[in-house]
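Using this note's numbering, the letters of the sequence shown correspond one by one to residues 12 to 205.
Think of the hints as simulated: they come from the structure by calculation, not from any bench.
Glycine included, C-beta positions come from ideal geometry on N, C-alpha and C.
Check each hint, because a few of them may be wrong.
Only pairs whose alpha carbons sit at most 27 Å apart, straight line, appear in this in silico DSSO-like list of lysine-lysine [what the hints assert, rightly or not]:
id : residue 1 : residue 2
1  : LYS86     : LYS64
2  : LYS26     : LYS160
3  : LYS101    : LYS166
4  : LYS192    : LYS166
Pairwise CB distance ranges (calculated) [as the list claims (entries may be wrong)]:
id : residue 1 : residue 2 : range
5  : THR182    : GLU104    : 30 to 40 Å
6  : ASP32     : ASP109    : 31 to 41 Å
7  : ARG138    : GLN185    : 25 to 35 Å
8  : ASP109    : LYS192    : 19 to 29 Å
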Amino acid sequence: MSESEIFYERQFSIKVGQVFDELVSHVTEESHLGFKESFPALDSPDAKGEFLKDLLSLYNGICQSWHPSISHPHKEAAYLVIGVRNCAGKPNELVHVDNAPDPALFETLIRANTMPQLSVYYRVVEREDVVHALLEIIRDDMGPAICTKTIGTLKKDDIWFRNGTSKQIATTAQDVMQVQKEFKKQFDGMDWQH
Numbered sequence: 012m013s014e015s016e017i018f019y020e021r022q023f024s025i026k027v028g029q030v031f032d033e034l035v036s037h038v039t040e041e042s043h044l045g046f047k048e049s050f051p052a053l054d055s056p057d058a059k060g061e062f063l064k065d066l067l068s069l070y071n072g073i074c075q076s077w078h079p080s081i082s083h084p085h086k087e088a089a090y091l092v093i094g095v096r097n098c099a100g101k102p103n104e105l106v107h108v109d110n111a112p113d114p115a116l117f118e119t120l121i122r123a124n125t126m127p128q129l130s131v132y133y134r135v136v137e138r139e140d141v142v143h144a145l146l147e148i149i150r151d152d153m154g155p156a157i158c159t160k161t162i163g164t165l166k167k168d169d170i171w172f173r174n175g176t177s178k179q180i181a182t183t184a185q186d187v188m189q190v191q192k193e194f195k196k197q198f199d200g201m202d203w204q205h
């Protein structure tokens with residue numbers, strides 16, 4: 012690795028750490044931010060379905076302001092922070108993540124089951140020898156996203172979204188229109204630079 016590549020990697024690691032610190036400083040989850048103490052096991056259809064619901068809900072979230080993406084500076088992102096114990100009204104407690112699956116496992120799960128395919132970046136963050144994970148879900152103008160097949164309790168073509176701190180399914184035409192309206196509002200007039 013060249014010196015410039017090493018410099019870039021260090022700068023990127025610092026940026027990831029700063030974003031991680033900023034995100035965990037939030038006391039509550041939001042439409043674009045979720046916390047989990049650990050990774051789901053992903054060893055059953057229900058666990059896989061719940062994990063996809065979390066990602067789809069964050070991607071389809073109804074939010075006034077999104078966080079800038081780490082990976083794509085001209086895009087916005089939602090984040091799932093793993094290794095955080097969220098205690099209502101109290102500062103978040105950081106916990107060690109020791110059950111992180113092979114990233115290829117959840118990348119394959121996402122690729123094979125979402126439309127449009129979600130772009131999810133997996134980052135490991137270490138704080139004082141404690142390991143955490145940061146999943147960055149890139150927002151784009153292709154949504155809302157759905158699951159392409161039934162997996163556990165996640166049904167094919169369901170639209171899951173977050174409105175504030177809770178994930179919910181779009182069960183009425185009004186819910187679907189609200190999610191679609193949010194995407195249109197979010198992305199109308201944006202200059203997408205890649």
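Verification of the supplied hints:
1. For the suggested pair LYS86 and LYS64, the alpha carbons sit about 22 Å apart, so the restraint of at most 27 Å is met.
2. A distance of roughly 36 Å separates the Cα atoms of LYS26 and LYS160; the hinted pair therefore is violated under the 27 Å criterion.
3. Annotation: proposed proximity of LYS101 to LYS166 is violated, straight-line Cα distance about 35 Å (limit 27 Å).
4. Proposed proximity of LYS192 and LYS166 is supported: the alpha carbons are some 23 Å apart, at most 27 Å.
5. For the pair THR182 and GLU104, the beta carbons lie near 34 Å from each other, so the given range of 30 to 40 Å is met.
6. For the pair ASP32 and ASP109, the beta carbons lie near 21 Å from each other, so the given range of 31 to 41 Å is not met.
7. A hinted range of 25 to 35 Å is violated for the C-beta pair ARG138 and GLN185, which are about 43 Å apart.
8. Here the CB-CB span from ASP109 to LYS192 is close to 41 Å, at odds with the stated 19 to 29 Å.
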